[in-house]
Amino acid sequence: MYAMTIPEPGGPEALKWTEVPDPVAGEGEVLVEVVATAVNRADLLQRQGHYSPPPGASPYPGLECSGRIVALGAGVSGWAVGDEVCALLSGGGYAERVAVPVGQLLPVPKGLSLVEAAALPEVAATVWSNVFMVAHLRPTETVLLHGGASGIGTMAIQLAKAVGAKVLVTAGSAEKLARCRELGADVGINYREQDFVEAVREATDGAGVDVILDIMGAKYLQRNVDALAVNGRVVIIGLQGGVKGELDLGTMLRKRAAVVATNLRGRPLAEKAAIVAAVREHIWPLIESGVVKPVVDRVLPLTEAGAGHRVLEVGEQVGKVVLQV
Numbered sequence: 001m002y003a004m005t006i007p008e009p010g011g012p013e014a015l016k017w018t019e020v021p022d023p024v025a026g027e028g029e030v031l032v033e034v035v036a037t038a039v040n041r042a043d044l045l046q047r048q049g050h051y052s053p054p055p056g057a058s059p060y061p062g063l064e065c066s067g068r069i070v071a072l073g074a075g076v077s078g079w080a081v082g083d084e085v086c087a088l089l090s091g092g093g094y095a096e097r098v099a100v101p102v103g104q105l106l107p108v109p110k111g112l113s114l115v116e117a118a119a120l121p122e123v124a125a126t127v128w129s130n131v132f133m134v135a136h137l138r139p140t141e142t143v144l145l146h147g148g149a150s151g152i153g154t155m156a157i158q159l160a161k162a163v164g165a166k167v168l169v170t171a172g173s174a175e176k177l178a179r180c181r182e183l184g185a186d187v188g189i190n191y192r193e194q195d196f197v198e199a200v201r202e203a204t205d206g207a208g209v210d211v212i213l214d215i216m217g218a219k220y221l222q223r224n225v226d227a228l229a230v231n232g233r234v235v236i237i238g239l240q241g242g243v244k245g246e247l248d249l250g251t252m253l254r255k256r257a258a259v260v261a262t263n264l265r266g267r268p269l270a271e272k273a274a275i276v277a278a279v280r281e282h283i284w285p286l287i288e289s290g291v292v293k294p295v296v297d298r299v300l301p302l303t304e305a306g307a308g309h310r311v312l313e314v315g316e317q318v319g320k321v322v323l324q325v
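Letter by letter, the sequence shown follows residues 1 to 325 in full-length UniProt numbering.
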């Protein structure tokens with residue numbers, strides 16, 4: 001088969017479409033013929049040499065895919081050759097075929113194409129595991145989503161609104177904030193023009209927000225805590241603003257606040273399977289009813305993955321960049 005390889009770390013041009021050995025479905029796995037995958041920021045980090053795949057994972061980028069099952073490994077039940085699926089991956093989505101642990105498979109939601117479905121697994125699993133399983137966002141609470149126009153942000157807006165939360169988002173342009181409002185965001189904050197802490201206080205009558213989903217890390221650490229309500233929770237899932245920061249523990253004590261940092265890619269198979277099962281139970285019905293929709297910014301050929309990486313690097317997109325085989 002062919003896959004997008006990274007012979008040497010570097011810029012988008014480092015991605016090379018290369019003939020490589022076919023993967024084989026091991027015990028508890030299925031082999032998927034890939035129709036589409038999507039670009040995630042972790043792919044950019046891997047290409048740059050900063051984020052190696054977990055032990056045993058495919059060396060090729062790609063944390064999600066959609067396609068059709070072409071072979072079943074030993075011990076697999078409940079799926080058949082020919083089934084249309086999408087999947088959460090530890091790597092290998094930028095390829096013509098990939099072996100997937102059966103616990104990370106999802107059926108394609110009714111009414112969606114395979115290309116649309118490729119935009120779902122990573123954002124759905126990330127948002128559900130962090131906003132709901134870790135931060136326990138509840139109806140009537142308020143959530144602040146940094147990077148509201150991103151793939152994760154566009155999914156989080158819709159899910160938070162679906163459960164009855166008030167949604168605040170940050171983004172870097174009026175156009176992106178307008179798209180976020182179309183998806184259900186109640187308050188848009190242009191981080192280039194406003195201090196988001198002051199904007200949060202104004203929007204919440206000084207109370208602060210209950211949950212923050214953060215992609216920035218160190219740069220926003222103290223300000224996130226300052227923006228929290230009493231008993232508030234910050235969940236850090238990205239480090240675009242650095243890895244080391246200072247934190248006023250006195251503020252955390254007064255607010256009885258929690259700061260949690262998590263990732264998805266390196267979790268054990270059983271944890272990923274539990275998250276995927278929760279996604280299928282809670283999010284798939286919302287998608288099939290039309291309450292939640294995948295947000296696809298553009299579709300590019302997989303052989304032009306480098307162009308997709310450039311889009312994310314400059315922040316042009318709203319939602320997901322999908323790569324079609």
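FYI, nobody ran anything at the bench for these hints, they're computed from the structure. Where is the CB? At the ideal position from N, CA and C, for every residue including glycine. Errors might be hidden in some of the hints.
[To be verified] DSBU-like cross-link-like pairs, simulated, lysine-lysine; straight-line CA separation at most 30 Å: (1) 219 with 110; (2) 110 with 244; (3) 161 with 110; (4) 244 with 255; (5) 244 with 219; (6) 255 with 293; (7) 219 with 166; (8) 161 with 16; (9) 16 with 110; (10) 161 with 255; (11) 293 with 244.
[To be verified] For each label pair, taking beta carbons as the anchor points, the in silico distance ranges come out as: (12) 164 with 84: 29 to 35 Å; (13) 231 with 21: 37 to 43 Å; (14) 222 with 82: 51 to 57 Å; (15) 21 with 178: 20 to 26 Å; (16) 255 with 50: 41 to 47 Å; (17) 82 with 301: 20 to 26 Å.
Okay, the hints, checked on the actual structure:
1. Between the alpha carbons of residue 219 and residue 110 the distance comes to roughly 41 Å, so the proposed pair goes past 30 Å and is violated.
2. Proposed proximity of residue 110 and residue 244 is contradicted: the alpha carbons are some 44 Å apart, above 30 Å.
3. In summary, the hint linking residue 161 to residue 110 is supported, as the alpha carbons are separated by about 22 Å, within the 30 Å threshold.
4. Note on residue 244 and residue 255: the hinted pairing holds, with a Cα-Cα distance of about 22 Å set against a maximum of 30 Å.
5. For the hint linking residue 244 to residue 219, the alpha-carbon distance of about 8 Å falls within 30 Å, and the restraint holds.
6. Taken as a hint, the residue 255 and residue 293 pair is broken in the structure, with Cα atoms around 35 Å apart against an allowance of 30 Å.
7. Our distance criterion of 30 Å between C-alpha atoms is met by residue 219 and residue 166, whose separation comes to about 25 Å.
8. With a CA separation close to 41 Å, the supplied pair residue 161 and residue 16 exceeds the 30 Å bound.
9. Our distance criterion of 30 Å between C-alpha atoms is broken by residue 16 and residue 110, whose separation comes to about 34 Å.
10. Pair hint residue 161 plus residue 255 holds up; C-alpha atoms about 25 Å apart against a cutoff of 30 Å.
11. Proximity of residue 293 to residue 244 is assessed by CA-CA distance (about 36 Å); at most 30 Å being required, the pair is judged violated.
12. Between residue 164 and residue 84, the C-beta spacing of about 32 Å keeps the proposed range 29 to 35 Å intact.
13. Against the hinted window of 37 to 43 Å, the Cβ-Cβ separation of residue 231 and residue 21 comes to about 52 Å, which falls outside the hint.
14. A beta carbon spacing of about 53 Å between residue 222 and residue 82 agrees with the range 51 to 57 Å that was offered as a hint.
15. About 47 Å separates the C-beta atoms of residue 21 and residue 178, a value inconsistent with the hinted range of 20 to 26 Å.
16. Taking the beta carbon of each, residue 255 and residue 50 are about 33 Å apart, not inside 41 to 47 Å as hinted.
17. At roughly 25 Å, the beta-carbon separation of residue 82 and residue 301 lies within the given 20 to 26 Å, and the hint holds.
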